Amino acid sequence: MHKVHIKPEHIERVVRRSGREHSIESLTGPATALVVVDMQLYFMGEGQPSECPVAREIVPNVNRLAEATRRAGGTVIWIQTHSGPASRDFWSVYYERMTEANGQKRVDGMNPGGSGFDIWPDLEVKDQDLIVPKTRYSAFMPDPSVFDNILKERGIDTLLITGVSTCTCCESTARDGMMLNYRTMMITDGCAAPDDELHNATMNQFYLQFGDVQSTDEVIAMLNRNVGAAAAE
Amino acid sequence: MAEAASESVLRAESIERVTRRDGVPHSVTEFDPAQTALAVIDMQNFYMADGALAYCAPALEIVPTVNRLVSEFRRFGAKIIWVRNVTDSECFRSWNTHYGRMKKEVVDGRKRALAKDSDGFKLWHELDARDGDLRVNKTRYSAFVEGASNMGNLLESYGIDTLVFCGIVTNVCVESTARDAMMLNYRTLIVEDACAANSQSGHVEALNVFYTNFGDVQTADQAIACLGRHGAAAAE
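Protein chains in written order, with the working numbering: chain A, 2 to 234; chain B, 60 to 295.
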């Protein structure tokens, strides 16, 4: 698991600007989506081309968050990257950079049915959850209205971002979500990066300029408060 | 201000990783100026004038490098796009989760100092902006977020497929716009020594992440050399 460190000077700056340390202090279950980005074999399995070993360590947290989100009436969304042969055309600049062999590895592995495509087997995907395909790093790209409409139809205004990798697909999705006016939080121990330095760079930057960052336990406590209040009514 | 020679902030391990994947450290070796735009992000008084609300001191140091890039890209026939942040009543409504995180006095400051008729909105006076250049106003960090600007349409109308970025702040507006550009299939490059951020570590991390996962990162000297290379092989 990453050793998370949010710089004290960033906390000071946020408090100075916002009057509080966390912009998200409560969660309304039905308006909340847990977005789990790219927890697929390609990024998680041993020996896979884009293996990120820490991604295996965050699985229990993601499962706990998913369970708490469902219990609070929220939506769990599994984002699954599709990078089959057609992506060579519509995202040509991506493949232009890399060697032909490395591009082919991705096309083969991330095509439906490919050896890296499936969601990691230890993740508990339930029938009521959504599985949403994406073709770029950010789930909102290239046409933001597609994912935006899925969220809006369900009355979702708050995104909890988890998955792999922190600085690429998680951060791009979180940045776009925030700029599209979603209350957006990255879960500090629910995302995985190649190393602690990269992970912390994203968490610090996101906290300072984009949205909130909190831990799995903090988020589950907020979701549970909600359930408690609903039960008491 | 004299222009200092700059060393790359790309780490050896980033370069190794990219070279392993791509076969070369820099996949962009030339631009066709007719299809290239240099986008200069947010170099406005709001971030650069003494005592400005969002003052970013390092932005002043990159002005000579930005001007040199602008002049070279213009000379080769590439488009220059001055991208500016602006606030209007609509953005305070449509982006209220962002402004809702700030204290009222901070929001009021932004309302005044980044409005279209304010001094803060204007480009920094030392920049070599010309009448023939293009200008884009945006209401989000990224110019490509839906409704944030007319950037996409403008690029399409000029047949631009390659975007070279510089300006401020490296890890906020430059990075957000450049990430989105790459995902929209523009060939994307950030000129590292023509970008600035308040935090040096934020600047360095953003450039390394962009370089390893999104697009190319080069120095001004390298990017200018890419302009000169276009068509050179064909002419031989």
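Each hint should be verified, as a subset may be incorrect.
[Said to hold, decoys possible] Distance ranges between label pairs, derived from CB positions:
id, chain 1, residue 1, chain 2, residue 2, range
1, B, G206, A, T100, 35 to 41 Å
2, A, E154, B, G191, 24 to 30 Å
3, B, R79, A, P31, 32 to 38 Å
4, B, S153, A, E13, 25 to 31 Å
5, B, G191, A, G156, 44 to 50 Å
6, A, R65, B, E149, 54 to 60 Å
7, B, L112, A, R21, 40 to 46 Å
8, B, F151, A, E10, 24 to 30 Å
9, A, D196, B, T88, 55 to 61 Å
10, A, P31, B, A71, 27 to 33 Å
11, A, E68, B, E120, 29 to 35 Å
12, A, E47, B, T78, 20 to 26 Å
Hints listed in this document are in silico derivations from the structure and should not be mistaken for laboratory results.
As the structure is a prediction and not an experimental result, all values here were calculated from the model.
Every residue, glycine too, gets a C-beta built ideally from N, C-alpha and C.
Okay, the hints, checked on the actual structure:
1. For B:G206 paired with A:T100, a C-beta distance near 38 Å keeps the hint of 35 to 41 Å intact.
2. Here the CB-CB span from A:E154 to B:G191 is close to 46 Å, at odds with the stated 24 to 30 Å.
3. Separation of B:R79 from A:P31 is about 46 Å and departs from the stated range, judged on CB atoms against 32 to 38 Å.
4. Taking the beta carbon of each, B:S153 and A:E13 are about 30 Å apart, inside 25 to 31 Å as hinted.
5. The hinted range of 44 to 50 Å is satisfied by B:G191 and A:G156, whose Cβ atoms lie roughly 48 Å apart.
6. Judged by the Cβ atoms, the range 54 to 60 Å given for A:R65 and B:E149 is violated: they are separated by roughly 40 Å.
7. A hinted range of 40 to 46 Å for the beta carbons of B:L112 and A:R21 is inconsistent with their spacing of about 20 Å.
8. Between B:F151 and A:E10 the CB atoms are about 28 Å apart, so this pair conforms to the stated range of 24 to 30 Å.
9. Our hint of 55 to 61 Å for A:D196 and B:T88 is violated, since their Cβ atoms are close to 30 Å apart.
10. A hinted range of 27 to 33 Å is violated for the C-beta pair A:P31 and B:A71, which are about 49 Å apart.
11. Under the hint 29 to 35 Å, the C-beta atoms of A:E68 and B:E120, about 51 Å apart, miss the expected range.
12. At roughly 24 Å, the beta-carbon separation of A:E47 and B:T78 lies within the given 20 to 26 Å, and the hint holds.
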